[in-house]
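Engineer: Read top to bottom, the protein sequences are chains V and L.
Under my numbering, the first residue of the first sequence carries the number 42, and numbering increases by one thereafter.
Under my numbering, the first residue of the second sequence carries the number 33, and numbering increases by one thereafter.
For the record, the hints were derived by calculation from the structure and aren't laboratory data.
All residues carry an ideal CB built from backbone N, CA and C; glycine is no exception.
Any given hint could turn out to be false.
[Unchecked claim] A few chain L residues that face chain V, going by a derived Cβ cut-off under 8 Å, partial list only: (1) 37; (2) 39; (3) 40; (4) 41; (5) 168.
[To be verified] Okay, the calculated bits of chain L under chain V, using three or more residues with CB under 8 Å as the criterion: (6) 85-98; (7) 101-111; (8) 151-161; (9) 170-178.
[Unchecked claim] For lysine to any residue, the following SDA-like pairs were computed, each having C-alpha atoms within a straight-line distance of at most 20 Å: (10) 126/V - 57/L; (11) 68/L - 115/V; (12) 126/V - 197/L; (13) 189/L - 144/V; (14) 45/V - 82/L; (15) 115/V - 87/V; (16) 45/V - 197/L; (17) 68/L - 45/V; (18) 45/V - 57/L; (19) 68/L - 182/L; (20) 45/V - 66/L.
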Amino acid sequence: MKDKFHLIKPVEAVIIGIVLLTAFAAIFITNLQNDSPQTAVISCGDIRREISLDKDGTFHFDGIDAEFEVKDGKIRITSATCPDKICEKTGFIGSGQTIICVPNKITVAVVGSDSSIDAAVG
Amino acid sequence: MKKTQYIAVMGIMLALASALQFLESLIPLPLPLGVKAGLSSIVVMAVLAKFGFASALTIAVLKSCFVFATRSATAFFMSVSGGVLSVVVMGAVFAIQRRKENGTGILLMSALGGVSHNLGQLAAASVLMGSALTMSYLPVLVISGIISGIFTGFIFKLILPFLYKNKDG
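Could you build all of it, start to finish, from the sequences and the hints given here?
Structural biologist: Following this line, the structure appears as structure tokens:
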């Protein structure tokens, strides 16, 4: 039996379009710049470190299998031991953004100093 | 189709899906979050259209077993949750739309398949990390899922004529 196929119908295009627009709107909202001083919260299992993003430099923490670089109020992971390097490719992140490394269980979240960190992480 | 023929074709399909997935992992795209085109979903869609849901699910799970053998348990968990959710969603779209006269909308099926694959992986990542922080990747993964789904949908459209070429094969 030959099944019938078509590429796309208007109603289907609308469904896809709505999902796309919602996703773009979500990105726009989360990327709204926050001018308050930023702090990066780095978690790896039970280890938790915070760095202020005021000063540039490179950082390493015992027990966390990666290095971090802070520049112009943004942070990135510069070297990771995982094979995929997805965290490195994420590049610099600023306010409201996150880097996640699944193999090494590392998360980096940038939060404004004035906002509650627990609310942002939880 | 004879049973032996079915087993042989499924074996070829599994090899094709695994090979496409592996080749894709060798080509790094300059995109964040390891975003990929998801070429192996073309094979999954072909199996779904030709042999039905159970066969497509089999391919998806066995493909993830190949990931387990070549990479890691973490990669397997990510792969199987994305793969299975994607097959379930594409199977549902296929089954619902096939009841109507107009038939299956390829791009809707593949785009929703792409999105659900990424959502499944995201859910797996959240469980592995024990953190809801992963959900901040949601919008980007929804968009990339749609784009890669549309891309693979177009390729699926191209191979469709060959899928039903033979009466029994």
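Engineer: So, for every hint listed, does it hold in this structure?
Structural biologist: Going down the list of hints, with the structure as the test:
For the restraint placing residue 37/L at the interface with chain V, the shortest Cβ-Cβ distance is roughly 17 Å, beyond the 8 Å limit, so the hint is violated. Because the closest C-beta pair between residue 39/L and chain V is about 21 Å apart, greater than 8 Å, the hint is violated. The interface hint given for residue 40/L is broken, as the beta carbon of that residue sits about 21 Å from the closest beta carbon of chain V, more than 8 Å. Taking 8 Å as the C-beta cut-off, the interface hint given for residue 41/L is violated, the closest approach to chain V being about 17 Å.
This hint holds: residue 168/L has a C-beta 5 Å from the nearest C-beta of chain V, less than the 8 Å allowed. Residues of the segment 85-98 of chain L lying with their CB closer than 8 Å to a CB of chain V number 0, which falls below the three-residue condition for coverage. For the segment 101-111 of chain L, the stated coverage by chain V is satisfied: 4 residues place a CB nearer than 8 Å to a CB of that chain, which reaches the threshold of 3. Counting residues of the segment 151-161 of chain L whose CB falls under 8 Å from any CB of chain V gives 3; the rule of at least 3 is met.
With 6 residues bearing a CB less than 8 Å from a CB of chain V, the segment 170-178 of chain L meets the requirement of three and the coverage assertion stands. Between residue 126/V and residue 57/L the CA atoms are separated by roughly 12 Å; this keeps the pair inside 20 Å, and the hint holds. Restraint check for residue 68/L and residue 115/V: not satisfied, since their Cα atoms lie roughly 26 Å apart, outside the 20 Å limit. For the suggested pair residue 126/V and residue 197/L, the alpha carbons sit about 43 Å apart, so the restraint of at most 20 Å is broken.
The hinted pair formed by residue 189/L and residue 144/V fails the criterion: a straight-line CA distance of about 36 Å is larger than 20 Å. For the proposed pair residue 45/V and residue 82/L, the alpha carbon gap of about 12 Å is at most 20 Å, so the pair holds. Between the alpha carbons of residue 115/V and residue 87/V the distance comes to roughly 24 Å, so the proposed pair goes past 20 Å and is violated. For the hint pairing residue 45/V with residue 197/L, the CA-to-CA distance comes to about 14 Å; that is within 20 Å, so the pair holds.
Between residue 68/L and residue 45/V the alpha-carbon distance is near 29 Å, which puts this suggested pair outside the 20 Å criterion. Straight-line distance between C-alpha atoms of residue 45/V and residue 57/L comes to about 33 Å, which puts the hinted pair past the 20 Å bound. A threshold of 20 Å between alpha carbons decides the hint, and for residue 68/L with residue 182/L the separation of about 13 Å falls inside it, so the pair holds. Of the pairs offered as hints, the one joining residue 45/V and residue 66/L is violated, with about 34 Å between alpha carbons and a cut-off of 20 Å exceeded.
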